[in-house]
Amino acid sequence: MDQPAEASPLRKIIHVDMDAFFASVEQRDDPALRGRPVAVGDAGARGVVAAASYESRVFGVRSAMPSAQALRRCPDLIFVPPRFDAYSAISRQIRAIFARHTALIEPLALDEAYLDVSGAPSATAIAKAIRAAIRAETGLTASAGVSYNKFLAKLASDQNKPDGLCIITPAKGPAFVAALPIRRFHGVGPVTAAKMARLGIATGADLRAKSLAFLQAEFGHSASYFHRAARGIDDRPVSPHRAHRSVSAERTYFPDLTADAAMHEALDVVIAALWTRVERIGVGGRTVTLKLRYAGFRTVTRSHSTTAPLTERAPVAETGHALLAGLLPAAQGVRLLGLTLSNLVDGRAAAEGQLDLAL
Numbered sequence: 003m004d005q006p007a008e009a010s011p012l013r014k015i016i017h018v019d020m021d022a023f024f025a026s027v028e029q030r031d032d033p034a035l036r037g038r039p040v041a042v043g044d045a046g047a048r049g050v051v052a053a054a055s056y057e058s059r060v061f062g063v064r065s066a067m068p069s070a071q072a073l074r075r076c077p078d079l080i081f082v083p084p085r086f087d088a089y090s091a092i093s094r095q096i097r098a099i100f101a102r103h104t105a106l107i108e109p110l111a112l113d114e115a116y117l118d119v120s121g122a123p124s125a126t127a128i129a130k131a132i133r134a135a136i137r138a139e140t141g142l143t144a145s146a147g148v149s150y151n152k153f154l155a156k157l158a159s160d161q162n163k164p165d166g167l168c169i170i171t172p173a174k175g176p177a178f179v180a181a182l183p184i185r186r187f188h189g190v191g192p193v194t195a196a197k198m199a200r201l202g203i204a205t206g207a208d209l210r211a212k213s214l215a216f217l218q219a220e221f222g223h224s225a226s227y228f229h230r231a232a233r234g235i236d237d238r239p240v241s242p243h244r245a246h247r248s249v250s251a252e253r254t255y256f257p258d259l260t261a262d263a264a265m266h267e268a269l270d271v272v273i274a275a276l277w278t279r280v281e282r283i284g285v286g287g288r289t290v291t292l293k294l295r296y297a298g299f300r301t302v303t304r305s306h307s308t309t310a311p312l313t314e315r316a317p318v319a320e321t322g323h324a325l326l327a328g329l330l331p332a333a334q335g336v337r338l339l340g341l342t343l344s345n346l347v348d349g350r351a352a353a354e355g356q357l358d359l360a361l
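Going by the working numbering, the sequence shown opens with residue 3, and the numbers climb by one from there.
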């Protein structure tokens, strides 16, 4: 029999998430784009969508989607190049608004953050004030989730998007998680969701019904997280100084890739997706790691580290392609390619030469 999961401390947590942030900034700054399907990114054959407006999402366009696929779904899609300096400036405005209410702010990216307001009388009132200030001072909208832990606050912020607010109280938490489709659990990607479906796990209630021993046998080190999340338990604190350890992107291919040229072309799409994430959080890194999974599910990785941080896309791409070339020709088809940038540093400071680069 399972031991009862230890209850996490009750906090007042707000998760604020800007609505289609990059695309909304472009629509705000160019009235001709308002009400039209917009994608921020490169429209080229190897481009990737960095952000999609809500008008484009109705066609199935999503961030990290290859641009060619996005254009097939929405032929009228308008691509605009990203302006990360503009997005960073607005992000600083938004964080200044957060700081009026609490010092406990954990940014996840330019467009979202957790706030701990446990000492305040009403987290809901603060969330409303923050959303109103963001609209008044930036002309943009934000959605917010309010709950007693980070897991539920993040789920809540997505519940009533765009321009929405959702509150999940301790009394409502268990029922909310029980009704939640398993694919909405953070950390459950398409592969894990498919496996859970085969195991008869479709909702939070189904997951909660499984013992910890069963989950450990099926999901290994992720079992404890799934076991606690199914019970609405998350004791992670809001960490103002939380640092990203790595940034990565990967793609799975059906059918498997077999030609060397096709693998290099596929890697270009992975690199584009990776670099969108790198620029979104504003980092550079010293280590590039290639991940390759063969048709038989054997996975290999290859890494290369540099003394000076890589803050531009070109050297990261060059390193990734060199690592891939070292594994070719492949004796069998390749079903997955991934690239990770790690040993991270502040990208802006590194580019300006403000870091001590000695190892």
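Please note that a few of the clues may not be correct.
Heads up, simulated DSS-like pairs for lysine-lysine below, C-alpha to C-alpha not over 30 Å straight-line [as the list claims (entries may be wrong)]:
id	residue 1	residue 2
1	197	130
2	130	156
3	197	156
These aren't lab readings, by the way, just hints derived from the structure by calculation.
query = Quick check: which numbered hints come out false for this structure?
reply = When the structure is compared with the hints, only number 1 turns out to be violated.
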